[in-house]
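A.B. asks: Take a look at the letters that make up each chain.
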Amino acid sequence: MIIQGDEPEQIRLLRKLYPKGNYFMQGDEAIAYGAIFAGCRFYAGYPITPASEIAETMAKELPKVKGYYIQMEDEIGSIAAIIGASWTGLKSMTATSGPGFSLMQENLGYAIMTETPIVVVDVQRSGPSTGQATKGAQGDFFQARWGTHGDHPIVAISPISVEDSFWETIRAFNISEKLRIPVILLADGIIGHTREQIRIPDPEEVEIVYRKLPKNEEEAKYPFGDVDGSLIPPMPLFGRGYFTHVTGSTHKETGLRDVYTPEVHIKLVNRLHKKIEKHEKEIEKWEEYFTDDMEILVVSWGVSARPSLGAVLKAREEGIKVGLFIPKTVHPFPGKKVKELAKKVRAIIVPEMNLGQLILEVQRYVNDDVILKGVNKIGGVPLTVEEILREIRGV
Amino acid sequence: MAKEIYTKYKMARYLRKEALPTALCPGCGGGTVLNAFANAVDQLKIDPRDLVVVSGIGCSAWIASPYFLADTLHTTHGRAIAFATGVKVGLPDKKVVVISGDGDLAGIGGNHLIHAARRNIDITVILVNNFIYGMTGGQVAPTTPFGAKTTTTPYRNIEHPLNIAEVVAEAGASYVARWTTAHVYQLIESIKRALQVKGFSLVEVISQCPVQYGRRNKMKEPAEMLRWFLKNSIPISKAKSMSKEELEGKFVIGEFVNRQRPEFTEELNNLIEEVAEHFGLGDEDAD
Numbered sequence: 000m001i002i003q004g005d006e007p008e009q010i011r012l013l014r015k016l017y018p019k020g021n022y023f024m025q026g027d028e029a030i031a032y033g034a035i036f037a038g039c040r041f042y043a044g045y046p047i048t049p050a051s052e053i054a055e056t057m058a059k060e061l062p063k064v065k066g067y068y069i070q071m072e073d074e075i076g077s078i079a080a081i082i083g084a085s086w087t088g089l090k091s092m093t094a095t096s097g098p099g100f101s102l103m104q105e106n107l108g109y110a111i112m113t114e115t116p117i118v119v120v121d122v123q124r125s126g127p128s129t130g131q132a133t134k135g136a137q138g139d140f141f142q143a144r145w146g147t148h149g150d151h152p153i154v155a156i157s158p159i160s161v162e163d164s165f166w167e168t169i170r171a172f173n174i175s176e177k178l179r180i181p182v183i184l185l186a187d188g189i190i191g192h193t194r195e196q197i198r199i200p201d202p203e204e205v206e207i208v209y210r211k212l213p214k215n216e217e218e219a220k221y222p223f224g225d226v227d228g229s230l231i232p233p234m235p236l237f238g239r240g241y242f243t244h245v246t247g248s249t250h251k252e253t254g255l256r257d258v259y260t261p262e263v264h265i266k267l268v269n270r271l272h273k274k275i276e277k278h279e280k281e282i283e284k285w286e287e288y289f290t291d292d293m294e295i296l297v298v299s300w301g302v303s304a305r306p307s308l309g310a311v312l313k314a315r316e317e318g319i320k321v322g323l324f325i326p327k328t329v330h331p332f333p334g335k336k337v338k339e340l341a342k343k344v345r346a347i348i349v350p351e352m353n354l355g356q357l358i359l360e361v362q363r364y365v366n367d368d369v370i371l372k373g374v375n376k377i378g379g380v381p382l383t384v385e386e387i388l389r390e391i392r393g394v
Numbered sequence: 000m001a002k003e004i005y006t007k008y009k010m011a012r013y014l015r016k017e018a019l020p021t022a023l024c025p026g027c028g029g030g031t032v033l034n035a036f037a038n039a040v041d042q043l044k045i046d047p048r049d050l051v052v053v054s055g056i057g058c059s060a061w062i063a064s065p066y067f068l069a070d071t072l073h074t075t076h077g078r079a080i081a082f083a084t085g086v087k088v089g090l091p092d093k094k095v096v097v098i099s100g101d102g103d104l105a106g107i108g109g110n111h112l113i114h115a116a117r118r119n120i121d122i123t124v125i126l127v128n129n130f131i132y133g134m135t136g137g138q139v140a141p142t143t144p145f146g147a148k149t150t151t152t153p154y155r156n157i158e159h160p161l162n163i164a165e166v167v168a169e170a171g172a173s174y175v176a177r178w179t180t181a182h183v184y185q186l187i188e189s190i191k192r193a194l195q196v197k198g199f200s201l202v203e204v205i206s207q208c209p210v211q212y213g214r215r216n217k218m219k220e221p222a223e224m225l226r227w228f229l230k231n232s233i234p235i236s237k238a239k240s241m242s243k244e245e246l247e248g249k250f251v252i253g254e255f256v257n258r259q260r261p262e263f264t265e266e267l268n269n270l271i272e273e274v275a276e277h278f279g280l281g282d283e284d285a286d
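Residue numbers (numbering that gives the first Met the number 0), protein chains in the order written: chain C, 0 to 394; chain F, 0 to 286.
Be careful, since some hints might not be right.
Stated by the list, open to error - Mimicking SDA-like on lysine to any residue, the simulated pairs with C-alpha atoms at most 20 Å apart in a straight line are:
#: 1; chain 1: C; residue 1: K220; chain 2: F; residue 2: P47
#: 2; chain 1: C; residue 1: K220; chain 2: F; residue 2: A18
#: 3; chain 1: C; residue 1: K65; chain 2: F; residue 2: P91
#: 4; chain 1: C; residue 1: K63; chain 2: F; residue 2: N269
#: 5; chain 1: C; residue 1: K63; chain 2: F; residue 2: N268
Please keep in mind that the hints were generated in silico from the structure rather than gathered at the bench.
Based on the sequences and whatever the hints tell you, model everything.
C.D. replies: Here's what the structure looks like:
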């Protein structure tokens, strides 16, 4: 089992297997390697296009680093298995696409309620339903946010390139471990299947975060209690003799179920929200280009961010004062930053591969006097620089 | 075996006292199953620290989670075995036990049940079959006998019940047995054997639900249901020479299979060692 303390052996293995340098690979593969560098040693999944290469890479690579791969009978079983494995101390991940992500939603809620660190990758494809199964899209923005039921916080990260997929997967694991929450990597089929050059670092260049464990028996008695004021309870792992009880039902700080006392539910669910709010600054991440003197702002995410940057660069050549904002953490949405930027501009353009999802989130932070316009494209073909540039010129 | 009469429940030391009293109805077979499980653990001298008990949703899911004092994982409806699969891979040296009901494990969770048996992962499943969805109010289950009345088959059940033990045995489990709550001592022995088998093991326990099943099927008293079990139980050795028609409505009890097959977590760890050897990843070349 690979837990904290095994680093020297792991660094030796990683150096030997994946010497630092330039590699040519797909986004899906970069996600798998990112997970391995982050310390992921348990993967359970079910094949689905365009996420299958993540499973295939994990099946091939995990045994080399003493990690476990298991192909489950369905997506529901896959997320269930990684939650179970996480309670034994293994950093765990599953990957799927839209339909499989839908099946995982109930247990995603379970992971939120039980504060189980896991990483769930959704390599978005075109929908609804089977849609264009082999084509990329960005239609799961809100499924990631509100797919499971009840009031809950969520963290979702969206990479913009193959190399970014490697690093953002590591960041997803680190946030998940630090805050004891499931983190969603909202990737997409286009980057997932695109091959690019990426630089694999030396393992010592990679910052690895491990979940907090109870310091003593006393702390272990409160697997869901705010024992140190951080709002993040230490996680008493199974098999350590703590007799921990874990349930998806509303529970007291001891873990025992109590669905009858309103205060217990209110306190628990509010703490789940507050621990994310408190650490929002560490979770939020974005890229900004030319926002100092801009009159127009482009806000774009994931696969649409690069043609957006291309369009912004071309518009700048034409003398149009346009800036670009790319949220890398899409949930919680960096609304305060967008609000601040929105005050400087007369128009905001939101390119994305759907009929308008991120734009609704942006809209919440923009005054009515700002022109807000989406550049939306569905059908499985990515946005082009020209399509976005046309909109920039038009506003 | 000498039968002891207790004045105090000796097995209480295995229970999570702060979770008591149980939520089970008077006359429920769940208490018998919990008792049998605690006795099996006690007789095998298993340290509860070496046990992880996983369950799904419903009355039977409560039997050991939260009541049994071990690490307990109370999961979503039907998914206990899938959660347990992850736990077992992470803790291959611990005993991972799933205790849940027929609706949970064979209805919504039927797919996980047969695939865990096929995979032959070393998990012990105690499946409490009371023919009904008890906690949700007595609806028809995949195990409800043909013709029986439930809240969703108010006229009669027109579906045929699933023969769980046979299906799981066929799917590839290492050990499968079936008893009723009227066969407590045999049940304890089977749970002990299941806990010791390397591989997937299933003990199906036919159990009484006087409140939701018995009441609607002319067996209001728990004792009436136990008498029904005893009257209709056929040992598997005898059942082999009986026709399908003769076995209709009977409970075949005993051991269905007890065999050795390669076990999943062991194979998984062997594979890791083979891969390390193949790629020359051992410690010897650390420098």
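A.B. asks: Is the straight-line distance between the alpha-carbon of K63/C and that of N268/F 20 Å or less?
C.D. replies: holds (11 Å)
A.B. asks: For the pair we were handed, K63/C and N269/F, check the Cα-Cα distance against 20 Å.
C.D. replies: Judged against 20 Å, a Cα distance of about 12 Å means the pair holds.
A.B. asks: For K65/C and P91/F, compute the direct alpha-carbon distance and say whether it is at most 20 Å.
C.D. replies: Holds. K65/C to P91/F sits at ~14 Å (cutoff 20 Å).
A.B. asks: Has the given pair, K220/C with P47/F, been kept, meaning a C-alpha gap of at most 20 Å?
C.D. replies: Holds, at about 16 Å.
A.B. asks: Would you mind confirming whether the straight-line C-alpha gap from K220/C to A18/F stays at or under 20 Å?
C.D. replies: holds (14 Å)
Hint compliance for this structure: no hint is broken.
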